[in-house]
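Enquirer: Assemble the complex: chain F is given as a structure, and chain X must be docked to it using the hints.
There are 2 protein chains.
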Amino acid sequence: MIGEVPNVEAGQGFSTRRLAHEAGVHRPLQAGICGTKKIGAESIVVSGGYKDDEDYGNVIVYTGHGGQDGAGNQVSNQSLEDSGNAALVTSYLEGLPVRVLRGYQGDTPYAPATGYRYDGLYRVTGYGSKLGIDGFLIWQFRLEAYDDTPTPQTTQQPELPGAPAEPESTSVPGNEAPERITSTVQRIVRSSAVKRQVKAWHDNRCQVCNVRIEVPGGSYSEGAHIRALGSPHNGPDTTGNVLCLCPNCHVMLDAGAIVIEDDLTVIRGGQPAGTLRTHPQHAIDLECVRHHRERWRQ
Amino acid sequence: MIGEVPNVEAGQGFSTRRLAHEAGVHRPLQAGICGTKKIGAESIVVSGGYKDDEDYGNVIVYTGHGGQDGAGNQVSNQSLEDSGNAALVTSYLEGLPVRVLRGYQGDTPYAPATGYRYDGLYRVTGYGSKLGIDGFLIWQFRLEAYDDTPTPQTTQQPELPGAPAEPESTSVPGNEAPERITSTVQRIVRSSAVKRQVKAWHDNRCQVCNVRIEVPGGSYSEGAHIRALGSPHNGPDTTGNVLCLCPNCHVMLDAGAIVIEDDLTVIRGGQPAGTLRTHPQHAIDLECVRHHRERWRQ
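If you're matching them up, the sequences are chains F and X in order. Each residue of the first sequence is one higher than the last, beginning at 1 in the working numbering. Each residue of the second sequence is one higher than the last, beginning at 1001 in the working numbering.
Isolated chain F (complex conformation) (with noise of 0.2 Å):
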């Protein structure tokens, strides 16, 4: 349900949104957002329902759900319990993507003229609160297209002249203008199922020094391979060969600064560090443990 669905490319027009449910696009009816905290958002409608949106074609600032009378106005705070915004944080933590579908409702250039629009994938790459033009708390999250992405389709339309592009950060004389390239945030890339089974299983407690992040609307961690995917190691992607980590002892894994005994003895900085803490459905493949420590003999 996460990621493209069968037989529906980015471009691709739904006259209605029940059409877009029946090809699997964006399955509910009325809500803009698909989705549920634990598996993350499957895909959001773009359609002119929040005042507070900002469409740039390839970067979409989404306003999450709630808080609204019948007539669209923000009477109300906003928050990150709601089923919908957690879904989308979610997504944020796992780096998994979202399908977008725009509606012929949104006052953006890249609204198409009737019906709904699939769009492709995009990825959530920040999140936080402001308050709204109505002077509520929202929650807004940046979504950006991935790479092969197609641009989405602009409609000219006369009171539009053209599409907007997305606001220059301010630039400083003598330091190097943000890379478009690397995006805004670049930390957090799509967990495969195996890593989040992994992930699951321990709750996103490291394996190693027992840390859980916790943010606003979820906690975090990540899939590590003990041996490492490609040549020259050619690891397997397995849940033998996958740690639950936080990012600072992922980095040590990989680097070499963590290595694992056979007993499962941490040994960081060539010292002992304890031991690596397991789970009864978690079966560390030791081959991997072995090639990884003898990739890291000095």
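These are computed hints drawn from the structure, not numbers from a lab. Just so you know, not all the hints are guaranteed correct.
[Stated by the list, open to error] If we take Cβ atoms under 7 Å as the criterion, some of the chain F residues that face chain X in the derived model are: (1) G126; (2) F136; (3) P150; (4) S231; (5) C246; (6) V251; (7) A255; (8) D285.
[Unchecked claim] Below, simulated DMTMM-like cross-link-like pairs (lysine to aspartate or glutamate); rule was C-alpha separation at most 20 Å, straight line: (9) F:K38 <-> F:D203; (10) X:K1130 <-> F:E287; (11) F:K38 <-> F:D82; (12) X:K1051 <-> X:D1082; (13) F:K37 <-> F:D134; (14) X:K1037 <-> X:D1082; (15) F:K130 <-> X:E1261; (16) X:K1037 <-> X:D1203; (17) F:K130 <-> F:D52; (18) F:K37 <-> F:E81; (19) X:K1130 <-> F:E261; (20) X:K1130 <-> X:D1052; (21) X:K1038 <-> X:E1081; (22) X:K1051 <-> X:E1009; (23) X:K1130 <-> F:D262; (24) X:K1130 <-> F:E294; (25) F:K51 <-> F:D107; (26) F:K130 <-> X:D1052; (27) F:K130 <-> F:E81; (28) F:K130 <-> X:E1294; (29) F:K130 <-> X:D1262; (30) X:K1130 <-> X:D1203; (31) X:K1038 <-> X:D1082; (32) F:K130 <-> F:D203.
Values in this document were obtained by computation on a predicted structure and should not be read as measured data. Here a beta-carbon is modelled for each residue, glycine too, at the ideal position from N, C-alpha and C.
Expert: Leaving out everything else, chain X in the frame of chain F:
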């Protein structure tokens, strides 16, 4: 000196190393690695000098420098103290691009038929040691072409039926295959000049928790924007808006688990948690601190 060289495009040939030197693509006339521990590796030459090398075109397993006799046999251990090897470790830890020049001597289908060919920018996505074919310790670096680096040309030599593909990682039924698109290591992204300045002032020590991550051959930290770049935050890319953080504190800053008061008190999980460490040359931009704090009111 790091990155692309003016007026030279990927695929361009040089009949001699002196011409590549004069073009600025690879400055040394003999050494295979150009760079230092301080600035990272500018460029490498892949020319069959080490029998443990592997070349898959977009992926290169490159053996470090040292320990050879005049005949190209490994006769002693390699070390990360070697300046060229240390430079490649810095390129890994800083996420810096490395120019790749392939020479005719390489016995791979990607070697040019004659002379040398500049093949564009690669990044170091991992490193480690092993016992090489000759029985001595060698250090190896995995380099991957950037997505926009052209695929190198293949020379169809009679004795080589075709370009080798990188071996698939072991796959287990029911598990997701490794995603090629995400490559093997994605945690480390390029540090901009602004970020590198801040990290240098703090010598890679986290300004929040004082952790300094030590790994074989160097240390690691991340430059973190306080007020995020891009919409809706539009923070400046200046040293006053960047902190030197460990990866864990970076995740927490980006997701609002850490905010900073005007007097530089750190609030972590809603509780005071010490004071942000500063440096005489590093003036924190309090407008950015306030903007970040406002973003995480709940």
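Enquirer: Are the hints correct? Go through all of them and say.
Expert: Verification of the supplied hints:
1. G126: 5 Å, holds
2. F136: 12 Å, violated
3. P150: Given a least distance of 16 Å, the restraint on P150 (chain F) is violated.
4. S231: Given a least distance of 5 Å, the restraint on S231 (chain F) holds.
5. C246: With a minimum Cβ separation of about 5 Å from chain X (threshold 7 Å), the hint on C246 (chain F) holds.
6. V251: 5 Å, holds
7. A255: 4 Å, holds
8. D285: Result: violated, 10 Å to nearest chain X Cβ.
9. F:K38 <-> F:D203: Within the cut-off at roughly 12 Å; holds.
10. X:K1130 <-> F:E287: 16 Å, holds
11. F:K38 <-> F:D82: Roughly 13 Å separates the two Cα atoms, so the pair holds.
12. X:K1051 <-> X:D1082: With a Cα-Cα distance of about 19 Å, the restraint between K1051 (chain X) and D1082 (chain X) holds, given a limit of 20 Å.
13. F:K37 <-> F:D134: Distance of about 27 Å is beyond 20 Å: violated.
14. X:K1037 <-> X:D1082: 9 Å, holds
15. F:K130 <-> X:E1261: 17 Å, holds
16. X:K1037 <-> X:D1203: 14 Å, holds
17. F:K130 <-> F:D52: 10 Å, holds
18. F:K37 <-> F:E81: 9 Å, holds
19. X:K1130 <-> F:E261: It holds: about 17 Å lies between the C-alpha atoms, which stays within 20 Å.
20. X:K1130 <-> X:D1052: Roughly 10 Å between the alpha carbons, so the hint for K1130 (chain X) and D1052 (chain X) holds.
21. X:K1038 <-> X:E1081: Holds, at about 12 Å.
22. X:K1051 <-> X:E1009: 29 Å, violated
23. X:K1130 <-> F:D262: 19 Å, holds
24. X:K1130 <-> F:E294: Holds, at roughly 7 Å.
25. F:K51 <-> F:D107: 10 Å, holds
26. F:K130 <-> X:D1052: 55 Å, violated
27. F:K130 <-> F:E81: 16 Å, holds
28. F:K130 <-> X:E1294: Holds, at about 7 Å.
29. F:K130 <-> X:D1262: 19 Å, holds
30. X:K1130 <-> X:D1203: Cα-Cα ~30 Å, so violated.
31. X:K1038 <-> X:D1082: 13 Å, holds
32. F:K130 <-> F:D203: 30 Å, violated
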